[in-house]
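Chemist: The chain contents come next:
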Amino acid sequence: MDFLQSWWAFMSTRVDQIQVALAEHSIYVVSVLGLASVFSISLGIATRRNVLARELSLAVTSVFLTLPSLALFTIFIPLVGLGFAPSFIALFLYSLLPILRNTITGLDGIDQSVLESARGMGLTPRQVLLSVQLPLAWPVILAGIRVSSMLIVGIAAIATLVAGGGLGDFIKSGLARLPLPNPLESIWKGTLLCLLLALVIDLILQALKRATISKGIR
Amino acid sequence: MSEPLIRLENVTKSYPGTESPAVGDLTMDVHEGEVLVLVGPSGCGKSTTLRLINRLIEPTSGRIFLKGEDVTDIDSSQLRRKIGYVIQQVGLFPHRTIAENISTVPKLLGWDKAKIAARVDEMLELVSMDPAVYRDRYPKELSGGQAQRVGVARALAADPDVLLMDEPFGAIDPITRDRLQNEFLRLQQDLKKTIVFVTHDIDEAIKMGNRIAILREGSEIAQIDTPEVILSDPADEFVENFLGSGAILKGLTLK
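Heads up: the sequence lines are chains A and B, in that order. Under the working numbering, the first sequence has 127 at position 127, and the numbering climbs by one with no breaks. Under the working numbering, the second sequence has 1096 at position 96, and the numbering climbs by one with no breaks.
Just so you know, the hints here were simulated from the structure itself, not pulled from any lab data. Since the model is a prediction, treat every value here as computed from it, not as a measurement. For every residue, glycine included, the Cβ atom is placed at its ideal position computed from N, Cα and C. Hints are all accurate, no fakes.
Mimicking SDA-like on lysine to any residue, the simulated pairs with C-alpha atoms at most 20 Å apart in a straight line are:
no. : chain 1 : residue 1 : chain 2 : residue 2
1   : B       : K1107     : A       : V128
2   : B       : K1082     : B       : L1056
3   : A       : K172      : A       : D16
4   : B       : K1082     : A       : T124
5   : B       : K1140     : A       : V140
6   : A       : K215      : B       : K1140
7   : B       : K1107     : A       : P125
8   : A       : K215      : B       : R1135
9   : A       : K215      : A       : W138
10  : B       : K1107     : A       : Q127
11  : A       : K215      : B       : A1099
12  : B       : K1193     : B       : E1069
13  : B       : K1082     : A       : Q127
14  : A       : K172      : A       : V20
15  : A       : K215      : A       : G109
16  : B       : K1067     : B       : R1007
17  : B       : K1140     : A       : I213
18  : B       : K1107     : A       : S131
19  : A       : K215      : B       : E1100
Cβ pair distances, simulated, as ranges:
no. : chain 1 : residue 1 : chain 2 : residue 2 : range
20  : B       : K1140     : A       : R49       : 27 to 35 Å
21  : A       : A163      : B       : K1140     : 49 to 57 Å
22  : B       : E1019     : A       : T124      : 31 to 39 Å
23  : A       : R126      : B       : K1192     : 31 to 39 Å
Could you build the full structure based on these sequences and the hints that come with them?
Modeler: See below:
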């Protein structure tokens, strides 16, 4: 109880800091998720008829996900400097695979007879893609976006190590002054706020799911 | 009869890497208002032949005519909007309501909303489904027989002159199939569409067809004639075998 009280006292005196860190963290998540979704879905669509291109893009994005996060955040510093840019690039690369993988799975999983009847009625290939294939693959794609969002919320805490800000700042400053006052409070603050952010983003994606997926395929 | 509504002229479809063509040098006329049934053993190329008509499969050589117009090289999507297409697996759009499914082609053709809504109800009534009940349902809520009724309604929505049907009742239980066949024949008496109907079931062919084309491998026509003539005077042994032992009996059940 003592710890909780002191933690709460600690939190309430640092509302400004929290707001800033939370905003930075959210900006990472939203911007990375937006761009990675557009990129991965486009890549999945572009490579859907070419087995080689599809396997290649899956292999490359898998490699990104396997690289140690610490390394991936630092690799780009010589190219783009410190701060937002290297963190954004690293997070972007991390979030590609789940969305790409699910885009491919979603498009592959569509009943052939539905596509046959769509073509048979005179939908152009573009109309088949936009009004049949993407809506039917969307639930699977959205599940991939959700996986990526959870991934990014956690890994974005590393951005602090390349001066990228975010909730990782609290964790880092706690670690840096372990023998000094309030180190654990700081670490907990960063961690719990990450969880909270993950929860909020998940709720938003749930709402998006409900709003965008047809009742016929729910 | 006058000029055929559909004419395939020396149409060949061969796939790279295969020796014999799936459809080899086929010439076939379909007359206005008739039901022509393509029947034959599996792999004989009957479905391929059907899909050559709406160019879901592009011919390797030969010409395809619709109402005297050469449609071999016109825009295939535009062509298909003028031809109804019904397949065994129906292929309704699961994310669209029944009404949205039926209005697919009218929407592509740019009909106005009021006309489409009226047409949807008309089509549902045509296939004996209550519009008020089914209009806003989704395909997953339908039985197999109901789904195929909607499939037929969807194919007829834009009032095409031609209807292509690929084993439309093949995946439906025998009792429902029989009912759908009868309803379909009744519909056809009023609608007088030009229909090409594919089946592997000779009994269905005899029941549905004004004319039957019995096909052997490579979509070669073994015999094309009315059911009566084919049953009483099979052209060769292949046709005879395909008709099976009950041919005379089948002939007796005709009208």
